[in-house]
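There are 2 protein chains.
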Amino acid sequence: MLTKSQVKYIQTLNQKKFREENGVFVAEGQKIINELLAARHMEPTAIYATPEWWLHHAAIKNEIPFVHFQEITQQELERISFLTTPNQVLGIFKKPALPDEPLYQQGISLVLDGIQDPGNMGTIIRIADWFGIHHIIASPDSVDVFNPKVVQASMGSIARVHVAYHDLRHFIGEHQEVPLYAATLNGKPLSGFGKVSSAFLLVGNESKGVSRDLQQLAAHHITIPKYGEAESLNAAVATGIILSHIV
Amino acid sequence: MLTKSQVKYIQTLNQKKFREENGVFVAEGQKIINELLAARHMEPTAIYATPEWWLHHAAIKNEIPFVHFQEITQQELERISFLTTPNQVLGIFKKPALPDEPLYQQGISLVLDGIQDPGNMGTIIRIADWFGIHHIIASPDSVDVFNPKVVQASMGSIARVHVAYHDLRHFIGEHQEVPLYAATLNGKPLSGFGKVSSAFLLVGNESKGVSRDLQQLAAHHITIPKYGEAESLNAAVATGIILSHIV
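These protein sequence lines map, in sequence, to chains Z and Y. In this text, residue positions in the first sequence follow the working numbering: the first is 173, and each later residue adds one. In this text, residue positions in the second sequence follow the working numbering: the first is 173, and each later residue adds one.
Just to be clear, a hint being listed does not mean it is correct.
Pairs involving identical chains hold if they fit within one copy or between any two copies, as the list cannot separate such chains.
[Said to hold, decoys possible] Each computed DSS-like pair below joins lysine-lysine, with the alpha-carbon atoms no more than 30 Å apart:
no.: 1; residue 1: K203; residue 2: K360
no.: 2; residue 1: K321; residue 2: K189
no.: 3; residue 1: K266; residue 2: K203
no.: 4; residue 1: K180; residue 2: K266
no.: 5; residue 1: K380; residue 2: K188
no.: 6; residue 1: K267; residue 2: K180
no.: 7; residue 1: K398; residue 2: K180
no.: 8; residue 1: K176; residue 2: K233
These are calculated hints, taken from the structure and not from any lab test.
Based on the provided sequences and hints, a complete structural model is requested.
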């Protein structure tokens with residue numbers, strides 16, 4: 173049975189402050205838990221699951237040491253879950269350490285300026301993973317990547333894409349050898365760009381776009397041609413369209 | 173002051189059943205309300221807004237007849253709003269009549285097979301609007317386009333894109349003159365396709381994709397090349413990427 177303090181502890185992990193204090197985050201659902209358990213650098217500290225999940229994952233208890241495994245009822249899962257429809261299993265994982273020296277010079281990395289919506293952040297991580305991008309650099313005011321809704325929307329891709337938070341002006345200044353492309357509404361049409369082997373792709377806040385001072389640092393401004401009336405595209409969709417073109 | 177029955181009525185509109193009974197839907201926030209008020213075929217039945225909104229929209233009371241206009245407090249807005257952060261104004265609008273004879277033969281239309289997530293549906297409507305697409309045909313099991321979350325995610329584009337619900341097999345059978353493209357995970361790479369002037373683009377359910385029997389009806393199967401590990405792309409993102417390529 174889940175104790176009151178277990179329930180309370182898990183609930184606090186909805187807040188960034190408590191995730192940082194404890195160095196852990198929550199992930200849920202069969203697919204995402206399986207992806208995280210399969211990723212070498214992801215360490216669970218606890219797995220809470222209903223009998224139907226344990227039925228197919230009993231072996232795991234012998235495979236991973238030092239983890240708190242607990243069978244809980246559907247009702248208990250509903251008490252601790254952050255999902256509208258809890259799905260068999262909730263895990264607590266250690267926040268992974270960032271790789272020592274990310275090789276930003278190789279390939280494409282995403283630079284996110286103030287992405288606020290957890291769904292967008294998770295979707296962007298999933299898109300990065302699809303296009304083989306391993307590094308995302310986010311401004312400090314972007315949503316926390318270990319927010320349960322981000323973890324959920326990333327559909328497990330959080331296990332393969334590293335997100336680091338930096339002051340972007342400073343970060344870009346320190347990596348001037350990498351060509352900087354900004355997604356803007358008044359740049360050169362996408363069709364004017366070819367494949368790119370090394371680049372930072374700078375994507376802006378959902379309503380304000382890329383901030384002006386950062387736009388000025390970008391050598392290339394990419395715009396997705398508009399044929400209709402919508403004022404803008406969703407930030408994650410725009411990221412996907414540009415990556416599909418330049419990767 | 174809002175009466176109890178007003179509050180109750182608005183709250184019921186979160187359910188499809190009551191939206192259909194009353195032939196209306198709810199939209200919220202300055203941007204979306206402004207877009208809907210600007211669209212000729214959108215008729216409000218009631219506008220509830222805080223004093224700060226009325227300050228800039230007082231003239232509207234004389235411009236549109238037969239509408240219930242009411243000034244409410246922030247607290248009242250919070251009681252009727254479906255948003256986490258209510259934004260000055262909530263409107264009730266008549267569900268627009270579908271155009272008499274949509275010209276599916278011209279341009280590109282989207283055909284959606286079981287899109288479940290309101291955020292995805294709204295984002296797809298916004299993408300369609302960006303690319304100048306006016307018609308979406310959705311399977312009957314797709315989420316209702318007048319769900320408040322869909323309206324919200326469409327960011328006002330719902331005023332310019334018509335969504336009709338049809339049995340897709342039947343609908344496609346009746347429009348065999350229009351080339352059918354399906355977004356799948358095992359088709360021909362996107363780069364193998366050029367611009368398209370007339371087409372149905374068939375996009376599938378978030379987890380199951382396009383159903384098999386519909387895939388078989390499609391002359392062309394489009395796949396977005398994958399360079400990394402993610403199992404799939406978000407349905408709205410995939411729609412945006414393919415449209416960006418073929419429009």
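Each hint, compared with the structure:
Taking the closest pair of Cα atoms, K203 and K360 come within 30 Å of each other only across two copies (27 Å); inside a single copy the shortest separation is 40 Å, beyond that limit. Taking the shortest Cα distances, K321 and K189 sit within 30 Å of each other both inside one copy (16 Å) and across copies (29 Å). For the identical chains of this complex, K266 and K203 are intra-copy neighbours only, at 18 Å inside a copy versus 41 Å across copies, given an alpha-carbon limit of 30 Å. Only within a single protomer do K180 and K266 lie at most 30 Å apart by alpha-carbon distance; the minimum there is 18 Å, versus 45 Å between protomers.
Proximity of K380 and K188 under a CA criterion of 30 Å is satisfied intra-copy only: 24 Å inside one chain copy versus 33 Å between copies. In the homo-oligomer, the alpha carbons of K267 and K180 lie at most 30 Å apart inside one protomer (20 Å), although the nearest pairing across protomers, at 44 Å, exceeds that limit. Taking the closest pair of Cα atoms, K398 and K180 never come within 30 Å of each other, the shortest separation being 48 Å inside a single copy and 41 Å across copies. When the C-alpha separation of K176 and K233 is checked against a cutoff of 30 Å, the pair qualifies only within one copy, where the shortest distance is 24 Å, while the shortest distance between copies is 54 Å.
Hint 7 alone, counting from the list given before, is not met by this structure.
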